[in-house]
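Asks: Residue-level listing of the chains:
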Amino acid sequence: MTLIENNDHKAKSILNTLYPRTGNAWRIGITGPPGAGKSTLVEKLAMECVKHNLSVGIVCIDPTSPFSGGAILGDRVRMSSLFLDPKVFIRSMATRGSLGGIAKATKQMCDLLDAFKKDIIIIETIGVGQVELDVAGIAFTTIVVLVPEAGDSIQTMKAGLMEIADIFVVNKSDRDGADKMVMEIQSILEMKDFDRIPVVLKTIGTEGKGVTDLYKSILEHKDYLKVTNKIKQRMQSTIQTEITEIVQEHIDKQVWRNPKIKLALNRFIDNIINGRQTPYHAADKIYAIWKKLGRKI
Amino acid sequence: MDKKLRILVAKPGLDGHDRGAKVVARALRDAGFEVIYTGLHQTPDMIVATAIQEDVNAVGLSILSGAHMTIFPNVMKLLKKKKAVDILLFGGGIIPDEDKKALYKLGVGKLFGPGTDTAEIVAYLKKYFKL
Ligand SMILES: Nc1nc2c(ncn2[C@@H]2O[C@H](COP(=O)(O)OP(=O)(O)OP(=O)(O)O)[C@@H](O)[C@H]2O)c(=O)[nH]1
Ligand SMILES: [Mg+2]
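Chain order of the listed sequences is A and B. Numbering of the first sequence is given in the numbering used here, commencing with residue 35 and proceeding in unit increments. Numbering of the second sequence is given in the numbering used here, commencing with residue 6 and proceeding in unit increments.
One should not assume that every hint holds.
Unchecked claim - When the alpha-carbon atoms are kept at most 20 Å apart in a straight line, the in silico SDA-like pairs for lysine to any residue are as follows:
(1) K132(B) to S102(A)
(2) K27(B) to V127(B)
(3) K87(B) to D119(A)
(4) K9(B) to G108(A)
(5) K266(A) to N308(A)
(6) K9(B) to A45(A)
(7) K8(B) to S47(A)
(8) K9(B) to S132(A)
(9) K88(B) to G103(A)
(10) K8(B) to G131(A)
(11) K138(A) to K9(B)
(12) K132(B) to G103(A)
(13) K87(B) to F150(A)
What the hints assert, rightly or not - Estimated spans, in silico, between C-beta atoms of each pair:
(14) K214(A) to T75(B): 48 to 54 Å
(15) A107(B) to N40(A): 44 to 50 Å
(16) N58(A) to D104(B): 35 to 41 Å
(17) V90(B) to Q220(A): 34 to 40 Å
(18) D104(B) to Q282(A): 35 to 41 Å
(19) A107(B) to K46(A): 42 to 48 Å
(20) K151(A) to K82(B): 26 to 32 Å
(21) S102(A) to K82(B): 31 to 37 Å
(22) T275(A) to L45(B): 25 to 31 Å
(23) K131(B) to K151(A): 36 to 42 Å
Derived from the structure by calculation, the hints contain no laboratory data. All C-beta atoms in this analysis are idealised placements derived from N, C-alpha and C, irrespective of residue type, glycine included.
Only chain A is shown next, with the shape it has when bound in the complex (with noise of 0.2 Å):
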C-alpha cells in the first residue's frame, strides 16, 4: 500500500497483478462538512457490516499541510473500537496536494483492499470547506453527511452535492433542527429530476442510532444498481476517468521533462512578456515540437 501510495516504480506491476482479483468489493463514499460526524458514523457503521459477517476496509483522508507538506491524520481517533477486529482494515491517507477531498492514489488503495478480499470498503473524504465531491466518481454508494445547524446553507452548498449524493444523513439528530434540515433537503431534491430520489435519513453516530437503517438504505441503492444496471455505468465512467488520468500523467511527464520543450517553453515566455507573441502561439508550437519528437520516438 505504501509503495502504491508513494508512486514507487514497482506500483504498477503490483496494481497489474491484483487487478484481476478486483471487482468484488462494494465501494461506498462518505463526504460532509467537518466534524459533521463521518468518522463517528464509519465506525458504527463498519461495526454493522461485521455484525452482518461481512470484512471491512477503510481509507480516511486528511489534507496535507500546503506548508510544511507534513499531516495529521486524526479519523482514527473515532475508530478505536475496529482496531482490533481481525475483519477490519484501516488505512489513513494525507491529499498530498489532490484537491477534491481524495487523494490522488486514493482510488487505488479501493483496488488494493478490493483485491484482499474486502466486502465493503469505505472511503471517507476531508471535511474541508463545503463538501468534496470527488469521492463520487470512485464510490458506488455516495453518502453525504449534514447536521442540523447547517439548515440555512445548504441552499448555498456546492453545486453537484444535490446530485453526487445517494443517501443523504442528518447526523447529530439528537439536537434540534434535525426534522426540519430532512425536510429541507426533501423540498430541494424534489425540484430536481432523479432516476431514483436519494433517501433522507436520521441518525446519531455517537449512539449508533440510525446506522442500522442506513446500513440497509446502502443494500436497497446497491441492489436498484444492480438492477438497473446502473452499475455499468458507474463502472465505466470511474474507468474512464482512470484510463485519462494515467495518459494525461505520461504525456505531462514526456512534454514537460523535454529539454528541448523546456527550452522553448523559457523562450516563448520571455516573447509574450515582451509583446512577441501570444500564449496560444506558444501552446500551438509545443504542441507542435511534441509531436514532431514523438514521431522520432
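Dock chain B with the ligands against chain A, hints included.
Replies: What follows is chain B with the ligands alone, placed relative to chain A:
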C-alpha cells in the same frame, strides 16, 4: 516517487489528557511528517495493529502514568512478533534514568522528558531517518 515518513503518535494507558501528544503531533506535521493520531487509551495491541495497517516508520508513545516499564516492552515484543522490527519505537514521559537505560537496552529509541522542546524531537527523527 514521492515518499513521506509516517509516524504514529499514541497515548497508551488510562491516564487523563493527551495535550502533550497533540503538541508533538502538530510539531511533526509542521516538520513535514504524516502523523497518524489515535488519541487516548491505546493498548499495546491496538498500537501495534495500527502501526502495521498504517505501515508507519516510527511509533511515538506519550506515557505519563508511570506504566512505561510495561508498555514499552510490550509494544516492543508485539512489534517483534509481527516482524515489524524496522519500526522505530520512541517516546516521552516521566521516566527515571535507570528505567531509560533498561528500555534503551531493549532497543527502544530515544525517550524524551516532559516539556522537551519539540524541535529536539524533530531533529532526532530527521537524523534517524537521514533527512
Ligand atoms: N451530539 C452529537 N455529537 C456527535 C454525533 N456524531 C458525532 N458527534 C461528535 O462530533 C464530533 C466530530 O465527529 P467526527 O466523527 O470526528 O466528525 P468528522 O466529520 O469525521 O470530522 P472531520 O473528519 O474532522 O471532518 C465528535 O466530538 C463526535 O463525538 C451525534 O450524533 N450527536
Ligand atoms: Mg473524520
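Asks: Does each hint fit the structure? Answer for all of them.
Replies: Against the structure, the hints:
1. K132(B) to S102(A): Since the Cα atoms of K132(B) and S102(A) sit roughly 18 Å apart, the hinted pair holds (cutoff 20 Å).
2. K27(B) to V127(B): holds, 14 Å
3. K87(B) to D119(A): Holds: K87(B) and D119(A) sit about 16 Å apart, inside 20 Å.
4. K9(B) to G108(A): holds, 17 Å
5. K266(A) to N308(A): Between K266(A) and N308(A) the Cα gap is close to 52 Å, so the pair fails against 20 Å, i.e. violated.
6. K9(B) to A45(A): holds, 16 Å
7. K8(B) to S47(A): Measuring from Cα to Cα gives roughly 18 Å; hence the hint holds.
8. K9(B) to S132(A): holds, 15 Å
9. K88(B) to G103(A): Violated. K88(B) to G103(A) sits at ~30 Å, over the 20 Å cutoff.
10. K8(B) to G131(A): Distance ~13 Å between K8(B) and G131(A) Cα, so the pair holds.
11. K138(A) to K9(B): holds, 14 Å
12. K132(B) to G103(A): Judged against 20 Å, a Cα distance of about 18 Å means the pair holds.
13. K87(B) to F150(A): holds, 19 Å
14. K214(A) to T75(B): 48 to 54 Å: For T75(B) against K214(A), whose Cβ atoms are near 52 Å apart, the range 48 to 54 Å holds.
15. A107(B) to N40(A): 44 to 50 Å: violated, 36 Å
16. N58(A) to D104(B): 35 to 41 Å: violated, 50 Å
17. V90(B) to Q220(A): 34 to 40 Å: Taking Cβ atoms as reference, V90(B) and Q220(A) lie about 56 Å apart, which means the hint is violated.
18. D104(B) to Q282(A): 35 to 41 Å: violated, 55 Å
19. A107(B) to K46(A): 42 to 48 Å: holds, 47 Å
20. K151(A) to K82(B): 26 to 32 Å: Check passed, 30 Å falls within 26 to 32 Å.
21. S102(A) to K82(B): 31 to 37 Å: With a Cβ separation near 34 Å, S102(A) and K82(B) satisfy 31 to 37 Å, so the hint holds.
22. T275(A) to L45(B): 25 to 31 Å: Distance hint for T275(A), L45(B) is violated at roughly 40 Å.
23. K131(B) to K151(A): 36 to 42 Å: holds, 39 Å
Of the numbered hints listed earlier, those contradicted by the structure are 5, 9, 15, 16, 17, 18, 22.
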